[in-house]
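Student: Using the sequences plus the hints, can you model the full thing?
Chains as they are written, first to last, in my numbering: chain P, 1 to 322; chain G, 323 to 610.
Hints are all accurate, no fakes.
Restricting the straight-line Cα-Cα distance to at most 30 Å, the calculated cross-link-like pairs of lysine-lysine (DSSO-like) are: (1) P/K242 with G/K342; (2) P/K258 with P/K268; (3) P/K128 with G/K597; (4) G/K332 with P/K128; (5) G/K597 with G/K342; (6) G/K597 with P/K258.
Just some of the chain P residues that point at chain G, by a computed CB distance under 10 Å: (7) T36; (8) F51; (9) I53; (10) P55; (11) F56; (12) M58; (13) R134; (14) V142; (15) I143; (16) W152; (17) G161; (18) Q165; (19) L194; (20) G210; (21) L282; (22) L307.
Take a look, some chain G residues computed to stay more than 10 Å from chain P by CB distance: (23) P384; (24) P527; (25) G553.
Please keep in mind that the hints were generated in silico from the structure rather than gathered at the bench.
All C-beta atoms in this analysis are idealised placements derived from N, C-alpha and C, irrespective of residue type, glycine included.
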Amino acid sequence: MKVEETSPEVSVEIAEKVPGVNFGSLKSQKRREVITAWLFSAPSLTLLVVFLIVPFVMAFIFSLTDQRLIPNRYVPTAFIGLRNYLRLFSDDAFYRAIFNNFLFAIVVVPTQTAFALLLAVLINQNLKGVRIFRTIYFSPVVITMVVVAVVWSNLFNPGQGFINQFLKFISFGRIKPPGWLTDTHYAFPAIMILSVWQGVGFQMIIFLAGLQDIPAELYEAARVDGANKQQQFWLVTLPQLKNTTIFVFLTTTILAFKLFTQVWVLTKGGPQNSTMTTIVLLYRQGFIQLNVGYSSTIAVVFFFIVLMISILQRVFLKEQRR
Amino acid sequence: MARSKRIKVKTVMIFKNFIKYFILIALALFFLFPVVFMFVSSVKTNEMQVVSDMSSFRGFIPYGALGIKNYINVFREMHFGRFMFNSLFITSITVLAGMVFNSMLAFSLARLHFKGQRFIVSIVVALMIIPIESVVIPMLLMVNTVGWIDSYQVQIFPFIAEPFFIFLFYQFFIGIPYDFDEAAVVDGATPSMIYSRIIVPLSRPVFASVLILQSMFRWNEFLWPLMVTQGPKYRPLTVAMQQFFSQDPRLWGEIFAFASMVTLPLLILFLFFQKWFIQSVASSGIKG
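Tutor: Put into structure tokens, the structure is as follows:
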């Protein structure tokens, strides 16, 4: 009985101190642990190396070459130094893409974060049937983005689309509605609207989890000190949600830079590059023009943007934890 | 006096609640109207009516000639069944393999001891930053060289190992008390028995989170299958939906029927397992 109660560390000590205790079985136990560890790690590690690390390194290498997707036997791939990067930084489409991604981030990230917080506060109330609203607000998240884009393209139809008819209806015909996806000024805002519609529920749930983590005593203390509901929100809720907000802000920013699916379904970057994004350009260059070298250059620059946002996130969150 | 005051308080309460519900319902309409519009339009069998209804509130009312003709046509005119099978097959295999392999790696990192373990943990954390978008083009060249274009494996293998999920498992496993392992070791359990009989049964929440998040991500994948599938044989629903949408002339009734069928599986799963969906989304955020 006593033997069973000793922990492995103690039994190791006993084994080392008491001669005659079986050394071999402990050693083999250790060895078995190491073998299992490597066997257990092998599948995932192999896949990570083959499908993440190797292509990642290749992107850097290709960005310095004129690699094509289908190599030409007579024109071997050449090392061209930084020529891809020079070309990229004088490419109007690239500037337009980067500009759009930043625009998307600057407009959508604060809007969507604030909207998500508002929704979370609303459904965190003690009201009958509030769960139904939580379900409804979250449901677009489980709808595939391709479908969302397709449905909204109908709603955004310039002539007969519901949105324009609705705008005319509520303004008694005074608003002259835009051509949305066909108009260079309105195509990108249209994509922003449907992106917020689809994505906001996700952040709402993250905020809701944050709200429910706030200790009730804090609100009680604030009430005792005479704070009203609004003051409680600004002085208790918001400061307590700081970490959650930073997280939501920066992950949404990264998503803003990954913008692709809805753009590809609706406008393919047009009209006149007005909805061009970094990933649309990367896809066009790599897959349609078969320019693996140039496309890899975009991938590298894209990676560094995402890296910077991730570093910002870690810095902010670390400061918070202190 | 007291009574009239109480009545006053009560009316204020009712008024406040009325405003709250008004806001909640207005927002609900904002999130619901495109979905209702899609489902309602998909069952209108007269294409002329679908088009003329789309410009007014009639688009939200099921009236006129209703039926599942659009759904039948989607099955008849293209390989819809095939697309559905492809999406289900690719998603389920990737998610199942991912849960097994990612949790196994996380287990050996969190619960076993071997040289190089800390280095691997830091590599996994670093890899979380690399977005899939920045590796797709070199990967495309790789899979093209080995002749994997247009296949199932090309859509499955690259997505099985996922640093983010390894990290989720790792964080959960490291929080499980070691008493269980120690007792099991004394009873003669091997490391793989500890994994399968102690850690996995204790980790249902994290397995559920990974199952749901990974299923959503896989089901929605678009960029990669757009590049690596050519014909309908291996094409998933997302790409098929986009291609059907791009065809001229646009038959909105059938497009909405197609869209409804892409939406329904996940939507139904969500309505049944809501609590799990919401928990898994919440768990993706807190740690950051």
